[in-house]
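S.K.: Let chain A serve as the given structure and place chain B on it in line with the hints.
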Amino acid sequence: MTFREQLQAWRYNLVPDHVIGEILTKRWTDNAIPFLALVIVVASFGSAIPGFFKLYSLQESTRQLGEFSLVVTGLTVVMLGGGIDLAVGSIFALSAFSAVSMVFIFEQPVWLAFAASMATGATFGAINGYLIGFLRLRAFITTLVTFIIGRALYDILVVNFGSKIQMSMASSDTWDFIGDGTILGLSVPVLSALVLAIVTHIALTRSRPGWHVLAVGGSRRSAHNAGIKVRQTVFMTYVFSGLCAAAAGFLIATRLSGAGPGTGHGLEILALTAAVVGGNSLGGGRGSVVKGIMGAIIVMVMTNGLIRLGYGTGTNQMVLGILLAVAVTIDIRWLKNRHKVLNEVYVAPVYLRMGEATSAVPGSGTPYALNSELSGATHIGLGEVEGPEDVILDRDDHLYCGTRHGEIVRFFAPDYTRSEVFAHIGGFPLGLAFDRDGNLLTCVGAMGLYQIAPDRTVTQLSAETRRSFTSIVDDARLRDPNDLDIAPDGKVYFTDSTKRYDAHEWTLDSIENRATGRLLVFDPSDGSTKTLLDGYRYTNGVTMAHDNKSLFFCESWACRIHRYWLEGPKAGTAECVIRDMPGYPDNINRASDGTYWMAWLGMRTPSFDLSLRHPAMRKRMARRLPQDDWLFPNINTGGVVKFNDKGEILQTMGDLTGLAHPMVTSMREHKGELFIGGILNNRIGRYKIDGADAGWTSNDSYWGASK
Amino acid sequence: MIFDPILELFRGRAITIPPMDGAFRPNAVLDETPVLAELQQADNLCALGDRLLASSGTELVEIRADAPPEPVQSFAAAITALAAAPDGTLTIALDDGTLSENGTPVPLPKGVACITALAYGPDGALWLANGSDLHPVSGWVADLMEKNAAGSVWRRAPGADFKVMAKKLAWPFGLLPDAKGCLVSESWRHQLVRVEGGTVKPVLRHLPGYPARLAASADGGAWLAIFAPRNRLIEMVLQETHYRFDMMASVPRDYWIAPSFASGESFLEPLQCGGIRTMGVHKAWSPSRSCGLVVRLAPDMTPTFSLHSRANGKRHGTCSVIEYQGRTVIAARGGNCILTAEDRT
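Protein sequences appear in the order of chains A and B.
Per the numbering used here, residue 1 is the first one in the first sequence, and the count goes up by one each step.
Per the numbering used here, residue 1001 is the first one in the second sequence, and the count goes up by one each step.
Hints were generated in silico from the structure; no laboratory data involved.
Treat the hints with care, as some may be off.
With the Cβ distance kept under 10 Å, some of the chain B side facing chain A (calculated, not the full set) [to be verified]: (1) ALA1014; (2) HIS1242; (3) SER1250; (4) ILE1257; (5) GLY1264; (6) PHE1267; (7) THR1278; (8) TRP1285.
Glycine residues also receive a C-beta, built at the ideal position from the N, C-alpha and C atoms.
Only chain A is shown next, with the shape it has when bound in the complex:
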């Protein structure tokens, strides 16, 4: 091994690249970019401005921030519902004026001032909501109009009553406390913003109205079809936004004890920037209150920081504009390309140096030498059945197989020309086995372990095991249950091939070659599922040894067969029985003469084996090429191999023409014949075995002769 290869092996086997892809599958990664921006902004302004983190300075900034967060929370809800509210600035200003005039002109108590503020907000919100929700006007234009009218109204009022307010002698302790005081060190605006954020977050994520808002924002039509009152929901989001802006207006009124021409000026742009910078989608349906708050902090810190660093309003606006542009671009590009990035990053190949394979070339003289014996098999269900990964026969000689449509199909003995759908499960039924009572058990790809009773009742036996401590994506769920076998005590031993890919993407696991296959056991007595072994490269076929003291299972991408001991001195351990095969093993089943049949789903190729030693090349391949162009193992040629308890190879059969049985994933011996299945094939093969016991069936072999 060269030094470079050794470095590659360390680099790709020790650095857990797959973690990146798994983290990206999490929804919360959407928060990562705004959070990073938040940290950077706070850190850089904090270090650039002396005294930034001083208590007084923080107290003042956070009051402002609290008010601003209220507005942003309201706007976030509108945006989640698929709308936009440009009127928040004027609502904010008018509410402040209402409160101030109530206290200083009419000399009313503070609670009435608050009520007046809220009423102002509710009224404007309702106008917006009615026009947009019920009359279906465009949100942008409508709120622009209410913004202009509201602003104009405010300017008129301030000009006419401004001096009256300033001259007023009215005063109130409550008013001053709300404006200046603190509770437990926190100012009222911060407290109210916190309370509102928590309540809104819970409402959005855990209540019916909140879900309705998200549903409407995600897809109006689907929400309507699902029976959600779309118009009413939209209406309510604007009312909510109006109320939030009003509450913020009331708070600024108490803080400044007045209303000037500048109150709420440009607030709508600030709030919109904050909501978008936080990562709320302009298209609606995606976002959260937390994102809104993060955006609010970013914007507040930046604008205040810039002012304190001595930059003028122009610079400030410019920075905000750039921030908004960048945020919108990232938002749109990320939403659009997130799945692409995930696809490109997800495949994280590891290094593996396969052992030198024994040749399978015809005429090579090895026990593995392939031939075209299987091309002589007659076919069952040609063109009717799609993807019979496994096949099995019952005591009445009827033939069962799974299909890629999620069905178990039954072909009737003796000629197997008639068929019916025995049961529909969904997923992709793979391995099959009959238990003592004639129930058909199956490993269903992407679903779990299922049982079909003779009366066709489908029962889920197991869909999860214990989660491992280091998992990022929950690996308790079975992603690719593949094959099973049943011990005399009724325990079901089965494999879950990979934690990384779903059943229909099983071939991708060969590119990555990460060892995540498991051997599990399901105990019907208490319904529990336990992981026996973990960390194999695509565990696949399982079969009980003839003496039931051990079981054989195969590790497809490593081309090995292992024996797992159930009793005796080595109980609970596995040992490798056959290694370095030239083909990739799939299902294993008992043969009539006390040996075992193994299916080969494909053949190793020198170019693919070499690529396993070049993980960086495979990684680039996954990123630079469309999947149809990826290098695969040669799964267009397979075969059937017979081996014995000692791991000796006795016989190999294949179909080198590739016409009838290119890939073989299973075979089942029954009364002197071999029934052959293939996960990508359109038929079941029926092959007469020379010299086989014509009375042997696997049901008798497992459960004794029929009664």
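M.R.: For chain B alone, coordinates are given in the frame of chain A:
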């Protein structure tokens, strides 16, 4: 869009190849067209007067419409190129680097030992394509995978010596001389170039495959044989230095990730995802290492139509095409046969 150049640092630039579209729109003509003769390794075609000759490994064979191919002569090494002069002279190049005219050895300039194509111009000059200075013709895969551009084109005016006309070509594989110069297919660069008066000018670029030999057409246009399609995986391997050299060192040549004259014959060959046989079907569009493709070029050298044998076909490795007695005759080296196609113009 604007972020792509940044993202490419992390995810890698996508590898693209020219689409089989327009004049290259696929069909299955080569698989449906009648077989004129079954011939192992059918390679270079040449019309000597009324006789249709073809090379097949070390054999020179005469093809007849109503009889099986008849061996004419056998050589010590594989025949790599044939050409017939208007005066009836037959020129034959062998893989051992020798050239003979009517059986007489012709002295070659130093370094010319990889003769991929021969052609006589209207003025009687012999044009010669030397695929590479570094490999014999049979070593073409290695020349491609080493990314060499060590080929040259030579011209021998009547009664004169060979003179080099162009150098540093990436495997010149076909010649079509005219009064002023010569059209050359440059295989590893997927283009046709015009060699004229000491300059090399691209004529037709971005071909969707590896061009092989050229032949004149009666209407002033030309026929171009393409022996293998471009394949994204191969293009990627060409950029993967470590993997490529390890592959060349440790994998038998037939099983390289590289173009070939025929594919799918052994389970040791590389397989790409799209080529998986599913429900008994091998998809015609699937990526393949070989194909059959013959392109008709108009007199201005724009492609007008093409005849295909796609991934699921068998008549691959089309290295030579000529017009013979009003019909198009095609040699499929990987398909081991010689085909005729009705004129579709």
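S.K.: It remains to establish, for every hint, whether it holds in the given structure.
M.R.: To see whether the hints hold, each was checked on the structure:
{"no.": "1", "hint": "ALA1014", "in the structure": "holds, 6 Å"}
{"no.": "2", "hint": "HIS1242", "in the structure": "holds, 7 Å"}
{"no.": "3", "hint": "SER1250", "in the structure": "holds, 6 Å"}
{"no.": "4", "hint": "ILE1257", "in the structure": "holds, 5 Å"}
{"no.": "5", "hint": "GLY1264", "in the structure": "holds, 8 Å"}
{"no.": "6", "hint": "PHE1267", "in the structure": "holds, 4 Å"}
{"no.": "7", "hint": "THR1278", "in the structure": "holds, 5 Å"}
{"no.": "8", "hint": "TRP1285", "in the structure": "holds, 8 Å"}
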